[in-house]
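**Q** Residue numbers (full-length UniProt numbering), protein chains in the order written: chain A, 1 to 298; chain B, 1 to 298.
Hints listed in this document are in silico derivations from the structure and should not be mistaken for laboratory results.
Take the hints with a grain of salt, since some may be wrong.
Unchecked claim - Lysine-lysine pairs mimicking DSS-like chemistry, simulated, CA-CA at most 25 Å apart: (1) K264(B) <-> K277(B); (2) K212(A) <-> K27(B); (3) K175(B) <-> K245(B); (4) K146(B) <-> K43(B); (5) K292(B) <-> K43(A); (6) K212(A) <-> K146(B); (7) K148(A) <-> K134(A); (8) K287(A) <-> K204(B); (9) K212(A) <-> K271(B); (10) K241(B) <-> K175(A); (11) K285(B) <-> K204(A); (12) K277(A) <-> K34(B); (13) K252(A) <-> K46(B); (14) K245(A) <-> K43(B); (15) K76(A) <-> K88(A); (16) K264(B) <-> K107(A); (17) K271(B) <-> K241(A); (18) K271(A) <-> K258(B); (19) K23(A) <-> K43(A); (20) K153(B) <-> K168(B); (21) K28(B) <-> K56(B); (22) K23(B) <-> K153(B); (23) K83(A) <-> K153(A); (24) K46(B) <-> K292(A); (25) K108(A) <-> K2(B); (26) K245(A) <-> K252(B); (27) K259(A) <-> K241(B); (28) K204(A) <-> K241(B); (29) K258(A) <-> K277(B); (30) K46(B) <-> K245(A); (31) K252(B) <-> K204(A); (32) K292(A) <-> K287(B); (33) K212(A) <-> K176(B); (34) K56(B) <-> K204(A); (35) K100(B) <-> K111(B).
Small disclaimer: the values here were computed from a predicted structure and weren't measured.
Number of protein chains: 2
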Amino acid sequence: MKNILIIGCGLIGSSLLRAIVDKKIAKKIFICEKSKSNILKIKKLKLPCVITNDFKKIIPNLDLIIFCTPLGEYEKIILKINKYLSSKTIITDVGSSKEKSMELIEKKLKKGIFWTSSHPIAGSEVSGPEHGIKNLFLNKWCILIKQKNTNTKHLGRLSRFWKKIGSKVAIMNSKKHDSIFSMTSHLPHLIAYNLVKTATDFEKQQGYDLIKFSAGGLRDFSRIAASNEIMWRDILFNNQKNISKVIDLFVKNLFSFKKDIQSKNNNSIIKKLADTKKVRKKIIKLKQDIDKPDFGRS
Amino acid sequence: MKNILIIGCGLIGSSLLRAIVDKKIAKKIFICEKSKSNILKIKKLKLPCVITNDFKKIIPNLDLIIFCTPLGEYEKIILKINKYLSSKTIITDVGSSKEKSMELIEKKLKKGIFWTSSHPIAGSEVSGPEHGIKNLFLNKWCILIKQKNTNTKHLGRLSRFWKKIGSKVAIMNSKKHDSIFSMTSHLPHLIAYNLVKTATDFEKQQGYDLIKFSAGGLRDFSRIAASNEIMWRDILFNNQKNISKVIDLFVKNLFSFKKDIQSKNNNSIIKKLADTKKVRKKIIKLKQDIDKPDFGRS
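Bound conformation, chain A alone (with noise of 0.2 Å):
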């Protein structure tokens, strides 16, 4: 590829950036960032890019346009760029959430013109262009979405890129991105952050200090919670539908566990309690998390 855009430059973008440079896939990588402190910082970090949002000059000649900011940006800057697109630019994104996104997408884009969805399985709980790492996305999944309209050959071009980058690329519609990710992604994240909170109204409403013994389980939570929150927000907006339904298909098996421990039931518990830990080890063989005890922290 000669020429790409990546508009948003926080962890993802700047790792993407990062990326892009070390494996040598693009000549020129023009960079779209709103945020002044944002721009500071990349220039600081001399990342080799061109800043800049004269979209009327440099769209034309893109190979690839990259949306790294939180859903909630798309339409605004849909609307400011459309005038300038061509069906030969592939234009994808890398947000968590894809049913309704896809919706607004469609509704919005020029007619002829073509997106196809990314979705990178990689993340931290830190934000800001000063914590992209290049490696980011190595080994990790990045999943393509396909529809019915999907231009086939701006997908093959963008599964290359991915593999370029050294993600392993997997590919499905929409429906099923989102019934997936509502599970392995979006509950547990809403999970942790309403264990935190929980913790903090219990402790107001115990009256003593209880976060400093924390290292016995919450810590872990308190990682994931510590997350973007405007990312967050526009995830849990976009896929609504799903999560609910795994919120309440969460209630129904803690209500369960709930039971066994009040009415002792050993059977019931002891099962419950050992099946998990054969999904530890069938994460760990697939590679998706490190297999030392306590992710290796201590």
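Given the coordinates of chain A, work out where chain B should sit on it, guided by the hints.
**A** Chain B in isolation, oriented as in the chain A frame:
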């Protein structure tokens, strides 16, 4: 101290054994372990200790007995050792739940014998003596339980013991202990188990593979949900009342999140999602977790 007996030599027992050896706290360490495979492992590790169950011979000369078995084993062992105990020996345990277990201990323990309960806030998802590490308790909190009938001399000596091991000591009664740890440890573990169970149920329901995409958040929970099931059954059964209370508070908050998501209540959800970030900062400031993004694992 001259002689210490550790009853139960799994992860915690063997870590204590290594720490006592490392800090040269005792002249002789006796180990009582009922699992034959654990005994073989301890012998293979060549840890300097005497493996025995000759209580009659060793107990009269002990300075300290430490119960490192699951809570459900205490009664059986107390009934076995009762007749050999004297009031000069400090007896402690490392259980994670205190009110119910202290009630049982007081009922079963021979009159005139003191029990001073400990709870080191340390552990791992792996079990067994081969996973023990001498620094498991270093800079971690150890809670000592003080009740009306606590022998304050024993409490003082036990406190010095844990400080020598490298722990920070906090003293509180069993009621406060069980309330705090229902929130900072027991609920987080239950939630992790429940999330992994819900993901497994959902995978079966939907008929497609989703565990392979667990890097988006689920994998963190799977680590905690791989903890020892016997130990956790006993903790959950023992601290039933407090755990039921925090489950209800957790579900109430989760439904409030669901309402925000369904009604797209921007202000309410942003406040919730942003507030939790402060807790993470506090946890890191209190040195309850490392400050590297993603636990430094990637």
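**Q** Hints first: check each against the structure and report whether it holds.
**A** Here is what the structure says about each hint:
| no. | hint | in the structure |
| --- | --- | --- |
| 1 | K264(B) <-> K277(B) | 21 Å, holds |
| 2 | K212(A) <-> K27(B) | 34 Å, violated |
| 3 | K175(B) <-> K245(B) | 14 Å, holds |
| 4 | K146(B) <-> K43(B) | 36 Å, violated |
| 5 | K292(B) <-> K43(A) | 24 Å, holds |
| 6 | K212(A) <-> K146(B) | 19 Å, holds |
| 7 | K148(A) <-> K134(A) | 33 Å, violated |
| 8 | K287(A) <-> K204(B) | 21 Å, holds |
| 9 | K212(A) <-> K271(B) | 23 Å, holds |
| 10 | K241(B) <-> K175(A) | 41 Å, violated |
| 11 | K285(B) <-> K204(A) | 20 Å, holds |
| 12 | K277(A) <-> K34(B) | 23 Å, holds |
| 13 | K252(A) <-> K46(B) | 48 Å, violated |
| 14 | K245(A) <-> K43(B) | 51 Å, violated |
| 15 | K76(A) <-> K88(A) | 22 Å, holds |
| 16 | K264(B) <-> K107(A) | 21 Å, holds |
| 17 | K271(B) <-> K241(A) | 22 Å, holds |
| 18 | K271(A) <-> K258(B) | 29 Å, violated |
| 19 | K23(A) <-> K43(A) | 21 Å, holds |
| 20 | K153(B) <-> K168(B) | 19 Å, holds |
| 21 | K28(B) <-> K56(B) | 17 Å, holds |
| 22 | K23(B) <-> K153(B) | 22 Å, holds |
| 23 | K83(A) <-> K153(A) | 22 Å, holds |
| 24 | K46(B) <-> K292(A) | 23 Å, holds |
| 25 | K108(A) <-> K2(B) | 79 Å, violated |
| 26 | K245(A) <-> K252(B) | 16 Å, holds |
| 27 | K259(A) <-> K241(B) | 12 Å, holds |
| 28 | K204(A) <-> K241(B) | 19 Å, holds |
| 29 | K258(A) <-> K277(B) | 29 Å, violated |
| 30 | K46(B) <-> K245(A) | 53 Å, violated |
| 31 | K252(B) <-> K204(A) | 16 Å, holds |
| 32 | K292(A) <-> K287(B) | 21 Å, holds |
| 33 | K212(A) <-> K176(B) | 14 Å, holds |
| 34 | K56(B) <-> K204(A) | 50 Å, violated |
| 35 | K100(B) <-> K111(B) | 19 Å, holds |
Checked against the numbered hints above, the structure breaks hints 2, 4, 7, 10, 13, 14, 18, 25, 29, 30 and 34 and satisfies the rest.
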